[in-house]
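There are 2 protein chains.
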Amino acid sequence: MTTLRDVAREAGVSVATASRAINGLGNVTAPTRAAVMAAVKKLNFVPHSGARSLTRRKTDTVGVILPDLFGEFFSEIIRGIDLVAHESEMHLLLGNMHGSTHETAAAIAAMRGRVDGLLVMPPDLKPELLADYLDPALPTVLLNYDAGSLDLPFVAVDNYHGAYTMTEALLARGARQIVHIAGPKHNRDARDRQRGFTDAMAKIGGVLTPAILPGDFSEKSGAQAARLLVQGQLPADAVFAANDQMAVGLIAGLAEAGKSVPGDIMVAGFDDIPLARHLNPSLSTMQVHIDRLGSTAMMLLLRMLRGETLGAANATILTPELIARGTTAGEAAATVAGGARL
Amino acid sequence: MTTLRDVAREAGVSVATASRAINGLGNVTAPTRAAVMAAVKKLNFVPHSGARSLTRRKTDTVGVILPDLFGEFFSEIIRGIDLVAHESEMHLLLGNMHGSTHETAAAIAAMRGRVDGLLVMPPDLKPELLADYLDPALPTVLLNYDAGSLDLPFVAVDNYHGAYTMTEALLARGARQIVHIAGPKHNRDARDRQRGFTDAMAKIGGVLTPAILPGDFSEKSGAQAARLLVQGQLPADAVFAANDQMAVGLIAGLAEAGKSVPGDIMVAGFDDIPLARHLNPSLSTMQVHIDRLGSTAMMLLLRMLRGETLGAANATILTPELIARGTTAGEAAATVAGGARL
DNA sequence: TGGAGCCTTGTAACCGGTTACTCCATTCAA
DNA sequence: TTGAATGGAGTAACCGGTTACAAGGCTCCA
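As given, the protein sequences belong to chains A and B, one line each in that order.
Note that my numbering has the first sequence beginning at 1289, numbered continuously upward.
Note that my numbering has the second sequence beginning at 1289, numbered continuously upward.
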C-alpha cells in the first residue's frame, strides 16, 4: 500500500510538493508535476480518503439512517438520494436501525467523523429522544418526520390530506360503508392516514364511527382483513387500505371469498407501488413519489453543507396525487384498465 | 465538537488513559474509568470514527459498488448484504458507477481508506480492465460476474442452466415454436440466458435457429416485442423473455392485440420479481433469490476479512428454480392462479 | 529494608494525508 | 550592483484518535 511519502521519495520531492502536484494546486512547475505524476503511475498510488478527510474535515459522504432496507419504499428513497448525491460527488453511508430504537443511537453515533451530514428517518421515535441522539453541529435532514420542536428541516408526505382525498373520492363514487384497514399503531404515517380517513368520513360522509380493521402494512394483514370482512359479515361497499401492500392482500382475499372488485366492493390503497397498475383490475391509490422524498431531502442537506442555516421552516411537504384505476371504477372501466386480461 | 483531549483534560488524565477507559481495555482502575466516563457524559463525547479507523487500519465498513441503484433487483441485493453486514456490525458505503465504465474506476478509487473490503458488480466490464482498477490488497468479492481469470471469489446466478430449464419446461408443455426476447447485447446475464435457450432448443427441441427478438430488460422493450410478434406474424406458441420485466410488457402488449395468455401463447420470464405472482394470469418464471446473491457475497467477504484467502475456487453459483404459474398453464389453471379475478 | 514484579498511568510516535509558514533562488526595477 | 518582489519547494505542525514503551507506585517476599 503506497503512501504519499513513497510517491514523494520516488519523485525526489517533499510530501508537500507531491500533495500539491496531485491536487493540482498550481504552485508547482510543470517538470516537477510531471515527475510526481510519473511516480504516482509507477507506484500505482491512490490517495487514502480516510486520511484526507481527517485533515480536510470533509468526508464527501452523507449518512443515511433508515428504519429498514426492506422493500420498494426504501430502495426508492435511496435511489432518490443517490440521484442528487451523485451529482455532487457525494457518497452514501448506510446505517440501519433495524427497527430498534436503541440501535438508532448507535447508528447515529457511528456516523461521527465519517459523514458531513445526515439524513435520518426515525418513524417511531419521540422527538426528545431523537434530539438527544443527534449532534447539533452535524447538518441533519429528517425524512418523513415532522420534527417541528427540533427545528430541523424535514421532508414529509401529506398523509392526512392524501387519505382525506381518497376517502372523499370513494364517497363521491357512491360508497357509503367504507372500511379502513389501518397500519401499525405506533407508525406516524399510518396514524395520519387513519385520521384523514375518519375526518373525511365525519365531515363529508357524516359517519362518526367508521369501521376500522387492524393491519401492519403487510400483504398478509390485508388478506387477514379480507377474512374478517367476509366472515364477520361486516357491511362494506368499499375498503380503503392504509397502503398498497395491504390492498393487494385484501384483493386476493376477497377474490378467494368470491367477492368481485369493484363490482361487489371497491378497493383503494396508498403509495402507488409499481405493482398497483399491473393488478387486474388495477389498483386505485394515492401516488407518492417516494424517490422525491429522498432527492428533496438530499437537496436540503446540500444547501446546509454549503453553509445555509435551515430549520423546520424549510420543510417540504409532498402532496400525494389521486390515481383512480380499476378497483374503484364502474364495471366497464375495470376490464380495460392496464395489466393482462384473461 | 469535543475530542478525546477535551475528555482527558476534564477527567484529569492523559489521552492514553482516556482512550483505554473508553475502549474498556482493563488496565484502568475503577475510579479512573468512572472519572473518564463522567467526562464523556458531561462533554457529550462521541469518538471520531474517521480518526479511529486511520490508526486502527480498520474501518468496519464495506464498499458496495453497483451499476445502478434502480429497481427491485438492486434493493434486494443491498438488503441481503446488509442482513449479514449488520450482524458483524459493519457499515455499507454505497458507490454507484451509474452504468459508466469510466466512473467505475473512480468509484473504486474513492473507496481506498474508507473500507475494509469491496463488493463489486461490474456487469459489462472486461476482466482485464477490472483487474487494473482493483487493489489486490483489498479483499474483494464480485457479484454476478465470473472473474475466473482474476482469481477472485464471486457469487453468480446460473443463468445458463436456468434458461435451459425453462426452455425445457416449455417444450415439455408442448410448445414448439418458442421465441426468445433477449436482454441487452453486452450484458452477461442476458447472453448466458440466451445461450441456455438456444442450446435447449437445439438439443431437446431439435430447432437449430430459434427466433430471437431484441430487448433491453425494460418493460417497454417487452411491449415492443409483442408488436413485432403480432404485426410481423411471427409464428409462436410460447415466448420466453430474458427477464420478468420484459415478460410483463409483453403480456400487456399481447392483451392489447387480443391474444390470450396462455390460451393462444404461453409466456415465461426470469427472476421472479414480486409482481410476477400477482399478474393475472400469474407469470411462470425462474426464481432467483436475489437477496442471497448479496448475503452470500457478504459472507465470503467476511471470511476474507477474517484472514482467509479465497479465490475463484470459492465461487458460489446460485441455481434458479422453476416456478410454473398461470402463463404456462392449461386454461383451467390460468383462472385460479393468484391475483384478482374479474 | 531492599529489590523483583505487577499494575496503572503518562509520553510520544504514528496512521496518511493537508497546509501554514519559511527559505531560497530567480527576475526585474532602480 | 543591489534590493524588493515573485514564486517554487521544504519543514513541520496538525487532524483525532491508538498504542508501544517508559516511568512510577505499589505489594510481596527474602
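Any given hint could be a false lead.
When chains are identical, the list treats them as one kind, so a pair holds in a single copy or across two.
To be verified - Simulated pairs of lysine-lysine, DSS-like, Cα-Cα distance not exceeding 30 angstroms: (1) 1473 x 1346; (2) 1414 x 1329; (3) 1330 x 1508; (4) 1491 x 1329; (5) 1330 x 1547; (6) 1330 x 1414; (7) 1330 x 1473; (8) 1329 x 1346.
Calculated from the structure, these hints are not laboratory results.
Would you list, in rising numerical order, the hints stated earlier that this structure does not obey?
-> 1, 3, 4, 5, 7
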